[in-house]
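These protein sequence lines map, in sequence, to chains L and U. This note's numbering applies: residue 1 is where the first sequence begins, and numbers increase by one. This note's numbering applies: residue 1 is where the second sequence begins, and numbers increase by one.
Derived from the structure by calculation, the hints contain no laboratory data. Ideal Cβ placement from N, Cα and C applies to all residues, glycine included. Among the hints, erroneous ones may be present.
[Stated by the list, open to error] Cross-link-like lysine-lysine pairs, in silico, DSSO-like; alpha carbons within 30 Å at most:
hint : chain 1 : residue 1 : chain 2 : residue 2
1    : L       : 458       : U       : 347
2    : U       : 38        : L       : 26
3    : L       : 26        : L       : 80
4    : U       : 31        : L       : 183
5    : U       : 161       : U       : 234
6    : U       : 234       : U       : 160
7    : U       : 30        : L       : 183
8    : L       : 183       : U       : 161
9    : L       : 163       : L       : 311
10   : U       : 347       : L       : 183
11   : L       : 458       : U       : 30
12   : L       : 12        : U       : 38
13   : L       : 12        : U       : 30
14   : U       : 277       : U       : 196
15   : L       : 26        : L       : 165
[Unchecked claim] To list a few chain L residues with every Cβ distance to chain U over 10 Å, as calculated:
hint : residue
16   : 1
17   : 126
18   : 136
19   : 228
20   : 429
21   : 450
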Amino acid sequence: MKLIGATAIEDKLQDGVAQTIEQLTKAEIKIWVLTGDKQETAENIGYSCNLLREEMNEVFFVAANSPEEVRQELRDARLKMLPDTEEDKFLIPETILGDTPKVVEDENVNGDYGLVINGHSLAFALESNMELEFLRTACMCRTVICCRVTPLQKAQVVELVKKYKKAVTLAIGDGANDVSMIKAAHIGVGISGQEGMQAVLSSDFSFAQFRFLQRLLLVHGRWSYLRMCKFLRYFFYKNFTFTFVHFWYAFFCGFSAQTVYDEGFITLYNLVYTALPVLGMSLFDQDVNAGWSLEYPQLYVPGQLSQYFSKRAFVMCALHSWYSSLVLFFVPYAATYDTARDDGKDGADYQSFALITQTCLTVTVCVQLGLDLSYWTVVNHLFVWGSLGMFFILTFTMYTDGLFQLRPSSFAFIGTARNCLNQPNVWLTVALTAILCVLPVAAYRFFYSQISPTINDKVQYRPAPRPRRTRLTRRSTRRSGYAFSHAHGYGDLVTSGRFLRRHAPARSMGLISTGRSPGFKPTGRSAGYSPVGREQNPKQKVEPTSLQMFRAVKDTSF
Amino acid sequence: MMASSYNAKDEDGHHPGSVGSGGPGAVKSKKPDNTAFKQQRLPAWQPILTAGTVLPAFFMIGLIFIPIGIGLLVTSNNIKEFEVRAVAIATSYCVIRALCSYTAPRTKDFSNVFMYYGLSNFYQNHRRYVKSRDDSQLNGDKSSLLNPSKECEPYRTSDKKSIAPCGAIANSLFNDTLELFYIHPNGSRIAIHLVKTGIAWWTDKHVKFRNPGENNNNLSIVFQDTSKPVNWRKPVYELDPSDPDNNGFINEDFIVWMRTAALPTFRKLYRIIQKKKDNMTPTLPPGNYSLEVIYNYPVRSFDGRKRMILSTISWMGGKNPFLGIAYITVGSVCFFLGVVLLIIHHKYGNRNNNADIPN
Numbered sequence: 001m002k003l004i005g006a007t008a009i010e011d012k013l014q015d016g017v018a019q020t021i022e023q024l025t026k027a028e029i030k031i032w033v034l035t036g037d038k039q040e041t042a043e044n045i046g047y048s049c050n051l052l053r054e055e056m057n058e059v060f061f062v063a064a065n066s067p068e069e070v071r072q073e074l075r076d077a078r079l080k081m082l083p084d085t086e087e088d089k090f091l092i093p094e095t096i097l098g099d100t101p102k103v104v105e106d107e108n109v110n111g112d113y114g115l116v117i118n119g120h121s122l123a124f125a126l127e128s129n130m131e132l133e134f135l136r137t138a139c140m141c142r143t144v145i146c147c148r149v150t151p152l153q154k155a156q157v158v159e160l161v162k163k164y165k166k167a168v169t170l171a172i173g174d175g176a177n178d179v180s181m182i183k184a185a186h187i188g189v190g191i192s193g194q195e196g197m198q199a200v201l202s203s204d205f206s207f208a209q210f211r212f213l214q215r216l217l218l219v220h221g222r223w224s225y226l227r228m229c230k231f232l233r234y235f236f237y238k239n240f241t242f243t244f245v246h247f248w249y250a251f252f253c254g255f256s257a258q259t260v261y262d263e264g265f266i267t268l269y270n271l272v273y274t275a276l277p278v279l280g281m282s283l284f285d286q287d288v289n290a291g292w293s294l295e296y297p298q299l300y301v302p303g304q305l306s307q308y309f310s311k312r313a314f315v316m317c318a319l320h321s322w323y324s325s326l327v328l329f330f331v332p333y334a335a336t337y338d339t340a341r342d343d344g345k346d347g348a349d350y351q352s353f354a355l356i357t358q359t360c361l362t363v364t365v366c367v368q369l370g371l372d373l374s375y376w377t378v379v380n381h382l383f384v385w386g387s388l389g390m391f392f393i394l395t396f397t398m399y400t401d402g403l404f405q406l407r408p409s410s411f412a413f414i415g416t417a418r419n420c421l422n423q424p425n426v427w428l429t430v431a432l433t434a435i436l437c438v439l440p441v442a443a444y445r446f447f448y449s450q451i452s453p454t455i456n457d458k459v460q461y462r463p464a465p466r467p468r469r470t471r472l473t474r475r476s477t478r479r480s481g482y483a484f485s486h487a488h489g490y491g492d493l494v495t496s497g498r499f500l501r502r503h504a505p506a507r508s509m510g511l512i513s514t515g516r517s518p519g520f521k522p523t524g525r526s527a528g529y530s531p532v533g534r535e536q537n538p539k540q541k542v543e544p545t546s547l548q549m550f551r552a553v554k555d556t557s558f
Numbered sequence: 001m002m003a004s005s006y007n008a009k010d011e012d013g014h015h016p017g018s019v020g021s022g023g024p025g026a027v028k029s030k031k032p033d034n035t036a037f038k039q040q041r042l043p044a045w046q047p048i049l050t051a052g053t054v055l056p057a058f059f060m061i062g063l064i065f066i067p068i069g070i071g072l073l074v075t076s077n078n079i080k081e082f083e084v085r086a087v088a089i090a091t092s093y094c095v096i097r098a099l100c101s102y103t104a105p106r107t108k109d110f111s112n113v114f115m116y117y118g119l120s121n122f123y124q125n126h127r128r129y130v131k132s133r134d135d136s137q138l139n140g141d142k143s144s145l146l147n148p149s150k151e152c153e154p155y156r157t158s159d160k161k162s163i164a165p166c167g168a169i170a171n172s173l174f175n176d177t178l179e180l181f182y183i184h185p186n187g188s189r190i191a192i193h194l195v196k197t198g199i200a201w202w203t204d205k206h207v208k209f210r211n212p213g214e215n216n217n218n219l220s221i222v223f224q225d226t227s228k229p230v231n232w233r234k235p236v237y238e239l240d241p242s243d244p245d246n247n248g249f250i251n252e253d254f255i256v257w258m259r260t261a262a263l264p265t266f267r268k269l270y271r272i273i274q275k276k277k278d279n280m281t282p283t284l285p286p287g288n289y290s291l292e293v294i295y296n297y298p299v300r301s302f303d304g305r306k307r308m309i310l311s312t313i314s315w316m317g318g319k320n321p322f323l324g325i326a327y328i329t330v331g332s333v334c335f336f337l338g339v340v341l342l343i344i345h346h347k348y349g350n351r352n353n354n355a356d357i358p359n
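Modelling step: build the complete structure from the supplied sequences, incorporating the hints.
Below you can see the structure in the form of structure tokens.
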């Protein structure tokens, strides 16, 4: 035979994929790969992305033809990872256990293991009598790669993880065959690019390159969690403090539900005096800047463990409010008890007391916000000082003569601001309450940052990093990036009908119509031109393998 | 299928990485602006709780608060206050002249002395009581004079006429009379001049409370279609007939009473004993004094108590050692905490630097 020529198809990963996966693994995010490629391709992709490693203890291959064999192979893998789980009877279907499905907890295994399972076996493994076994074995492994997977199976795997693990799932893909998976996961991410817009249209987030996922999760996701928790904690604090003061006053007003504050203040407190500062905090706050967030993926872990806002955090917030309300009532109470002003006239009247308490409260919550804010932009400065200024401006305005003449019954506090706030006594009281409320918090935080500093504390103490170029080179691996196409495809799986849902009609449209893996493109996109005729940006590589990730949640207190 | 996906891409018009200025009908790029605001790169001040900021702050607060507290305490201790508890009298409505002799150890004090009456267990801050008034009527509004607000119920009308001033606060006006006499060594009683104006807030007297009828000095005509509050002996235009500037709604005793107190134990300014013109004679020289009280005000029914207080005033108000003590306490606690945290920082503070973050 005369050799005429050779063809080759290059299907490279996008830039930065390996590094992204490495960073996300460091952030305690478990990564599974669900691809329609055949096993060799998937394996090679796994090695090139650093999901599978040479140093791994073992990589299990599950590629059996019957349910019993699949079960046996999964069981063997599990026993090899954790030999002392021989006696576990884990095969109880969830219906016997009652309505709430059993939760598969994380188990610690010694060593790194990988699992590669093909679509045929996965079809058996996803049946209801074997899915827990499969999930348990898969979760013990560091990496799971499912190859020859149909779009429906992708969605089924995602749903399996969602159902039985206390984890948040994120599915990222770029093709039409990833749409079901993207929709099934908690968070769906679509990569816009060569494959069209179907994945993008059905996703929650979309961007153009896989490596942007790192920024999405480690920078923006983390900041979003932090901001939300700080916002919630502060909001509860300021409102509980505001309200508990009335509880203490009840003992001194005959339990008649007389408010401590002026009604105008009550209306404007949440609307004007404290709304914008907390909004500014929840929009702009950053505890660690973007560079450090990317450099230290371990910063992501507190979000996974729900550390910033949990039942415990809420109780601490309530206790703090209780203490603050004690200070905010009893210090003005004692300071104005049976006293007079500096010209002898009345200084302990209800309106003066209300104004003193209002001022103490506003200043205190403002100082507390200042302590919580760790990123003071211009906008934050404007909001905080502006709100405090608005408090004084509006207070003086509401207590002027003009408004009183307009509606005497509504503005009955006339003259109070002028007569009360010119007393040095009053300002000393305000300063005392603010310091007394904030000091324990500052001391507590400083104490804990010295005794047991968290990752955030350690990173914050470092100077700002220099901007670094991301490394584009992959880790070297002894494996070469080639695969032979000598294994047969998944036509058998398709014709067996095993992957179909029980309740779905026998003919499912669109699931098998492609029949081709996304890694295989008939037209030469990699050749540098598209059929439409436009010169493509050579940097724009073909889409990566579809990936699914889930996070392992260790906190069981939910 | 593959061809259709390319068509879909063209229809969407999304060209990642390509320039948006194509031919006619080119779509604007969806890339967000690369401004500092939108990319969250605004310059910011990032304060963190380091030892270099927290510890000096604690010590500073301690060092500032303790002298302030000492100053407040000294000032408060220098204020002279003299309190006389009212003796419990059996009947409540009977007018009794109670004569008490007191040896007031007035040291040499050359400033104004303020005379207060104090009440205890009197809840002027009860919600229903606080809202039982009509500020429009008290401001001299003619329509409110004859038609007071509903908040004044049940003290709104009496004998089919509207009550002026209406409400429970006005109805419970304090009406005991206190007089102070100095008992001269030679036996004669000299009445001490008690000033009854200048005891209410300026804004109250001149803005909040106005007599109706503008500048009509004949208040009995202005109030002719109204009745007096139920528990009063005299109508409002007879509160001080000798002084038209202190009669009617602008009577200062009335104004002082209408300014409801915040707590169940309170004092209200009754009279001022002015200091002597020459600053050489003490305002109340040492010796014997006699307090005459006309008991009109019944407090026994609710277990209330009355007292009379004579007090001087300083820049921080009346005698109240609380702020001084509080400042000293907080200052010392702060200082102590600073020391403790300094020790802790010295022992454990290296954990932030040495323990490297596992990479």
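Going through the hints against the structure:
no. : hint           : verdict
1   : L:458 to U:347 : holds, 17 Å
2   : U:38 to L:26   : holds, 28 Å
3   : L:26 to L:80   : holds, 25 Å
4   : U:31 to L:183  : holds, 25 Å
5   : U:161 to U:234 : holds, 16 Å
6   : U:234 to U:160 : holds, 18 Å
7   : U:30 to L:183  : holds, 24 Å
8   : L:183 to U:161 : violated, 76 Å
9   : L:163 to L:311 : holds, 23 Å
10  : U:347 to L:183 : violated, 53 Å
11  : L:458 to U:30  : violated, 38 Å
12  : L:12 to U:38   : violated, 33 Å
13  : L:12 to U:30   : holds, 27 Å
14  : U:277 to U:196 : holds, 18 Å
15  : L:26 to L:165  : holds, 20 Å
16  : 1              : holds, 32 Å
17  : 126            : holds, 26 Å
18  : 136            : holds, 28 Å
19  : 228            : holds, 16 Å
20  : 429            : violated, 7 Å
21  : 450            : violated, 5 Å
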